[in-house]
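Residue numbers (the working numbering), protein chains in the order written: chain C, 1 to 278; chain A, 1 to 551.
Which chain A residues stay away from chain C? Per the calculated CB distances, all over 12 Å, these:
#, residue
1, R120
2, E121
3, N242
4, P243
5, E244
6, R247
7, Q280
8, S354
9, Y472
10, E514
Using C-beta positions, here's what the derived DEER-type ranges look like:
#, chain 1, residue 1, chain 2, residue 2, range
11, C, R16, A, H7, 22 to 30 Å
12, C, D183, A, F131, 38 to 46 Å
13, C, S225, A, E252, 14 to 22 Å
14, C, I237, A, K299, 40 to 48 Å
15, C, E245, A, E71, 23 to 31 Å
16, C, W54, A, E252, 50 to 58 Å
17, C, E87, A, H420, 25 to 33 Å
18, C, L26, A, E252, 51 to 59 Å
19, C, D47, A, N242, 55 to 63 Å
With the C-beta cut set under 7 Å, the calculated list includes, among others, these residues of chain A facing chain C:
#, residue
20, H73
21, K194
22, N225
It should be emphasised that the hints constitute simulated quantities derived from the structure, not laboratory data. Don't be surprised by glycine CBs; every beta carbon is placed ideally from N, CA and C.
Below are the chains, spelled out letter by letter.
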Amino acid sequence: MTETVQHNNLYDFCYRYFKHVGATILPSVTSTINVELPRDVDKELTDRPFYWMWIDAMNEMPPNTVLHLVFEGSDVQPKDPENPKPEMITPGCYRMQRILQSAKTRGMFAAAYEQAQILSPFALFIAKISFISDLRQDFLESYAIDLRDFQIYGNVMDDLFQRDLRDERPTAAQVLPIAINMDQLFHIVNQCIELDVQARDHSWAKEARNRLNSELKRLDVYYDSVLATSNLDAEQIASYAAERELRKAEIIWRTEPKVEVRLTQMALIYLAQKPRDR
Amino acid sequence: MYTYQQHNDLRTTLATHGDMPMGKWSLFQLAYEAERQSLSQTFDELTCLSVLPAMVPYEHQVNTARRVIQELHGRALLADEVGLGKTIEAGLVLKEYVLRGLVKKTLILVPASLVLQWTRELNEKFAIPAFAQRNAWSWTTYDILVASMDTTKREPHRTEVLSQEYDMVIVDEAHKLKNSKTRNWQLINQMRKKYLLLLTATPVQNDMKELYNLINLLRPGQLGNQTVFAKNHVQKNRQPKNPEILRSMVQEIMVRNQRKQSSIEFTTRNVEAITIELSQKERALYTEVTEFIREAYQKRKESHRSILSLITLQREICSSSYASMCTLETMMKDKRITIEEQLRLQELYHMAESIPSYSKVERVIELVQQIQDKVIIFTEYRATQDFLLYMLQQSGIKAVLFRGGYKRGKKDWMKDLFEHRAQVLIATEAGGEGINLQFCNQVINFDLPWNPMRIEQRIGRVHRLGQTRPVYIRNFSTLGTIEEHIVSLLQDKIHMFESVIGELDVILGPKSFENDLMETFMTSEGKDEISARLSALSRRVRSLDIERTSP
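Same shape as in the complex, but just chain A (with noise of 0.2 Å):
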């Protein structure tokens, strides 16, 4: 039933001693007392919990570490909501297997902007050390290492770490492992390891095989294949399927907490939209671009070509004019296009260059000023990052940029000249991941990413565990355009600031927002239409919460 394994390295070493046991009697007495602390006493408790040094854990977090070892034998998806403390949970399960003496050999891929933030924090919280991977010896000289994603799959990193035998890896940011056809998700499906941890909030952000994907690492077949997965589980529309089967069969290894389930007290959150009013031009160009994109958007649906040219354009004119001129002019590159429309995109080009000033960015700076304090300001789109950063700095704002292509070092530093030196961080989406920014509290978002599982990415951010103060969020929304329905839909409808994204639900929840929103906005006649479509698809969505909730 069991394979039986002897040690004889006390006999060797006898030998070497003249085969004479030799020795003061208190020093054996001492030595025995030792082996009795270092025993794992029994299968049931965490042994980790009475030697952490310097942190008590909450809860959530000891019951999450308790049931990844016990019930989940160690391979895991852990998908809390943001700031519940998902580091702390991987590293309580880390710890233990680490005293219990399973676990000596570790791989922890991480962010760049977080390699040293997660080695700091094993060390002074757990007194785990670990080390941050610095060149190619780093695989071989440590045994618990914490490394960057991007640099571990490339050469010559990845074969070094392919032929190595982890205990354990821990994944975080998995939802960068969604799609299996990536290097990153092949990386992790060749290493060889014993114990698997996947952290991420949002394991689901647009279809049901990013959770497939992200599974069948932990436990491949757990879904089925493919094709029975995509059968069984999966609507038209990347609806889910017999939710109830696929809940029970997802919990034999993720777990989720909820805040609201937790016992944690988190600081309020205070919600409001502020409304812009556009200038006459600002006004002019937005007609006109909506219109060319709604006369586009019927012609490709007729063709199946792809539209997500026109989601961004019409995404990135309700952001700013400056925004969509790069958007303008690929386009215009496109060999596809008839000479009408380069025509008319050319003009849209112009009118998008000679607005004189941007209403929204004159009330960013004004708002700024008011606050007095330190204030992160989202955005979508590089363009508006880097003409809000320009339009800050001429008023005598001190701001920061923060994006997903900077290195490591570069990340810490704009967080810290952001602490210490500038008031306003200017962050797109993918910066927005994975750095802890609690000494700020108050939001911006210039702009609203149609994707909802994105936002609580951006606000959660400042509201976690550690916040002190109330949290303050603006939402900015111009008037007569579509963004003032999508912050009126996110915002009044489905309440996605007052509560949390978990309700949207991970596994209920991926419908295709954005395509959604997009057939609302293009095929809708008028105002009334478009209104009355988005609370049909707000009830939906609350109606999917009701059920997931109820047992």
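So that you can see chain C by itself, here it is in the shape it has in the complex (with noise of 0.2 Å):
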């Protein structure tokens, strides 16, 4: 996580989360969150499936969970007896970490209408791109298709976001009617993404590359070096080849640059003007 993730954010953000999946924000001071959590949010949120195999079984109906979150800045101390079990909130904590993914699972899919009477559909797909070595950096990109013409449009979110996209379709909207063919929408968005990663600046795998080269023909020399040795018996050659082998898979598999693309979310969005590059 970076720097993004700034402490207040981390308040903001739970809050926003917490009223979209519709949790009851109780009534809290200032930079504390005290939340009642549907049971679906819970299950979520909560790392207890024995519990919830049980409750589901016997039917039962427990009281609904509440969390008292306390964040930075925040004078309520964790071990307020006042308060039962306020819980502190920092970047990375493991309840941080299980609302995140809860975001990104319920946040994976999305239908949108802009608020205007002629609307275009558009399919959004944001990609998370990878390039990996013995390091790792990751790029999140945003691509709109445009399903008239199969135009894309990249960098949209920052546009996307400044609009007023809602839920619901507007009564006296009229919006083109177009059969989608989602593996074909799939294809046409890896097909770019892939030109797209393509264009980029790929010293860094040519370093990797290199590094790896240059480590496999260490070891080559190394062994050829240990096994020219002339007091060696069948035991130990057949161990150093082995040793050797290993060492070898060890590098690949830590240096070998990679480039790896996951989609991690796709909307159907209606809007009323093209995206706009940023």
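Got two chains here, each in a separate frame; can you build the complex from them with the hints?
See the structure below:
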């Protein structure tokens, strides 16, 4: 996680998360959230599968869980007796990870409409692109495909976040009816991403590849020289050979440059105007 | 140039949703933000620093983590001096890799006494969900596991561990891997692992080959094969050759921070030699034993037999005559000795037996009573340790033992007893490793190891990050014995206790100190010659030191 998660942003993020998943936010003082969780949310935020198995099997109706979350800047002490089990939320803490994961799962797909008379349909894709060797760099990219002419717009999220997109279709709106072939859309976006990746700076991959080659060469020189020693018995030779293969596999595993692409989200959006590239 | 992999799970998931994306735009926005937050944005920055819950690492620790990740590419020997926080550095590296999604399956191998401590620190300081290994199921149940090396190398665990693929393996107290013939070394060598960190303050204790063996685990061939290494870098007497070249090659795989370079303020160390006069009977025994050793030493040298038991005996007689009795007994059973020697040994044994009280032990009791605070007494010998415990208890002083052979639970229990119930902890060398006793600031060296690398391990138990009080070190020195020379050599000539071991150097230092000392004692005529030769020895050590610290 990076500096994009500032501490006060955590509060903001959690507040919006609870609001949008339909949890009941109870009265709370500054920089704290007291929240009552619906059962489906509870299951995603706490790790107690056996408990839920029991509850579901027995048809029990236990009272909803209430979380007392405390954020940085609050003067509530995490061991305040008035406040039974307040929980400090820090970046990367267990609860935060569960909340982020829950948000990712719940927000994987969407359909949204801009508020206008005439709307045209777009398929919006979010992709995570990772450059991996012994280190890793990720990029989050967005692509919108115009469903009428299959033109692709990149980097559209800043623009879209500024528009008034809503879940309900405006009653008076005319929406162009278009048959959608999902496989075709995924194919198009994947091709587009592959070209996009090819066009980037890959000095990182070149460097990793060179390093890999020189490491493999060093291994060869070393093991050749070891195996050339005359006084080895058959067992030793076999064990050196096994060791050599293992070290080789490890170096390739660690160093070989890889690009991994994963689409993380998709939405159908109906827009009044084409998206603008940033 | 790169392999390209495209994951299609979103397509599959969509199909299970009836091939129609449905859902709230507000949640879509949140999910997008959540994805953004879990990116590894650059190759260069350490991202873990902003998410550490309960800790601010020191600058040298952050720099070390950065260097391990960016320059050493995740396989490294972390060889900081004792007390600079190698655990923290390893934790930072692990956390960074976990956050970047490069490491999931991790095995951390530590001495049994440290399993719980490591597990706790990783959870509390780094919010890394680490578990302590408990049974044969643990290996597959948990992603991040802390286990004791001794358990892991035994069946059925060994087979289980060797069948796994580890993204990362961390080995604490890695000097236990110094010998490539041991099961420890072979276990690590056979494991399949991507990243590997070896942690030790003393990568070389006796022999240059130890360093070679450690580095070969990380990167085989970095120092050439064994023959080439021995030819290019080891002189007779185990002295390093071409130190500059060796150093630069080692630096490609090792990080070593020294106290004097780091920005941390340590509390002061006060070192004092406590001189003790032997009683008449003790002196008589000492003279006889030493005489015997000198004669035997010459004979064995001529016939190229091992002098190890002689060194041991010589050191034991300095520790306590009680300790020497065991060795005397074993030597008597040796079939190779002559009748004459046999009789001589028997005589010595009876002399030792008949000593009524020990001046050193009396002094220790006196001191402990004066200090009126927690004290750690270090000795090299179990026999001395047992005897001390008995004598302290006789004087109404509560004391506990600490040994290398103790199991994990017992070590924790002993540490706990010492912290809350007892005044004194009597530890042997092996027991001193890897426990943190910052709540105590008084150390008595009842006897000193002849290997200077191990002295710092002793003091490092108390004089480390987290110690808030000045540390007092008392070295026992019996007048007119070899011990007097040893204390003066280590304390006054090499300044072993004021500065730190690093200056004796890992790379340049592993002259076989023990043998050099023995040679000096055995072949010198009289006190003055010993003094002169030890001065020469210490000058050699110090000149190596200067050579090393100058760029």
